[in-house]
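S.K.: Take a look at the letters that make up each chain.
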Amino acid sequence: MGRGRAEATVPLNTTGGRPLGRPPAASLFWRGQEVTGFLFVLPAALLVVGLVAYPFLYALLLSLTAKQAGVAGQFVGLRNFTDLFRGDIFRHTVRNSLLFTGVAVVFKTVLGLGLALLLRRATVGRRVLRGMILLPWVVPSTLSVLGWWLLFDPLYGVINMGLSKLGLITHRIPWLSDPVWAMAAVIIVNVWRGLPFFAISFLAGLVSIPEELYEAAQIDGAGKVACFSRITVPLLRPVLGVIILYSIIMTVSDFNIVYVLTRGGPMHSTHLFATFAYEMGLASGDIGKGAAISLFIFPFLAAVAYLQLRITRGQTQ
Amino acid sequence: MSALRRRVGMIGAYVGLLPYLGFALFPFYWMLLTSLRRNAEIYDVTNLSFLVQKGTTLQHYVFLLTRTQFPMWFWNSLVVSIVATGLSVVISTAAAYGLVRIPFRGSAAFSIGIFVTYLVPPTLLFIPLSRVVTALGLSDSLLSLIVTYPTFVVPFCTWLLISYFATIPKELEESAIVDGATRRQVLMKIVLPLALPGVVTATLFSFTLAWGEFIYAMTFIASGTHKTLTAGTVAELIRGDVFYWGPLMAGALLASVPVVIAYGSLMDYYVSGLVTGATKY
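The listed protein sequences correspond, in order, to chains A and B.
Following my numbering, the numbering of the first sequence begins with 113 at its first residue and continues without gaps.
Following my numbering, the numbering of the second sequence begins with 2 at its first residue and continues without gaps.
Calculated from the structure, these hints are not laboratory results.
All of these numbers come straight from a predicted model, not from anything done at the bench.
By construction, the Cβ of each residue, glycine as well, lies at the ideal position given by its N, Cα and C atoms.
Possibly wrong hints are sitting among the right ones.
Partner residues are not named here, just some residues of chain A that face chain B (Cβ under 10 Å, in silico) [said to hold, decoys possible]:
| hint | residue |
| --- | --- |
| 1 | V164 |
| 2 | T235 |
| 3 | M295 |
Based on the sequences and whatever the hints tell you, model everything.
M.R.: If you want it as structure tokens, here you go:
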């Protein structure tokens, strides 16, 4: 029972080496059926144009107006943006977003790789093991974060009670009410939630590395460290790149964890772009500024999309 | 010798995995424990225990199901998730097939467009979308979610399905045509059955994404009776300084049950989709 067969349920690079965006040779009997092809794609195209592209352009327009809830907006140029940069809260938000994303993605990558290496060796009871490990990723995050909220509770929370029972702390840790601890808390929960995705994806990359490479290296006298740095890491690099990039955009745009745990507090110390946009655009009704804040997610999206497409092209050529 | 070393390595792997399993599963265990405890035990700060000590109770579940709008939210989530999933899977299947098999002018650009859209997080567009929803006269209705959920589900599923369709040899379809089958028959009897694992995976993911969606539900829906499970539980069950830990944990667990069942019974599809969705190139 090689591990190769059971892992074959995890396809990597399943477009069969076809460069992204380049259609395969037309099936013979569809040749000359351009209109039919267009009709197949039309509903999806309408959806993307009407409910993604148009709202995006609308967001650009809103961000240039002083639109309040219920009032027609007036064109104000870039004033929303300059106002935002002059305010402390927005500068905090930028710093928080970078810190939150940077730290969480590093932890998810390192721990995810460690977990994947362990999972590759743990072949007995693989299904049950995988099922348990994936659970944090499967349960809707708003709901599981409610559980974390209870764990972090300063008085009734089991984390503080446990640590003080063990004699590790003498004062209750002000999780969620102190700026530094609150940031630590939201990062811990983000890592908890995202780790299964990293681990399972890395595992899929690991098992696609041919066993013969390691055997050959061992015959040549390579040690474990050399095998890891000379075989595992280089061959895993495309998967690492794709997963890390994907995670950067999903982490920087996070809303659920921060909204449920801290609402961006205390003193705006955990606001991310999405939670601050929600507070500004919906709770305070300043739609123009809210739209402007959300748009700061866009540069991350553009950079990630560009790099992903480059990795893709590099892979297939 | 080598077999022995392998066995030692495997035991070492399980020992290494134990702390992580504790980290992954403890929050759920604690939620279950809290939902089954009596209030006196939940709010007893002097006693730390990892079991229910003073008798289990279903009172929090009874409260949730009879004294809150939880059953209504459950129904709303079910309606929204099923309808949005049905719509999305049909749209995505058609689009993926069209893009893989019937190239037309602009189909390459559209593939890239789908890929970029798949990376767009819902939090980028929730403010303009709420204006669009209002303009369409859909605000505060389940329709607003049914119409907007496909915006993040369809790009994901189309992307997923493109890879499944690409693995079906086109010669299969061509030889069926030569044997006198109509195009409809080819689609229904050859292509769809072969792509079925992909369609199941897409359905599973659509449902999971729709079930867990939060920010659109918070933004577009105002009245309590139209809320979905995620928004209702967070917005209505947390009551200021009155402690609702028992019903809140019971609600969070009950609301997770459908996706956990769906995932538990279709885990292989789930894992393949998880990896394909993000690492396909």
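S.K.: What hints, given by number in increasing order, does this structure fail?
M.R.: 3
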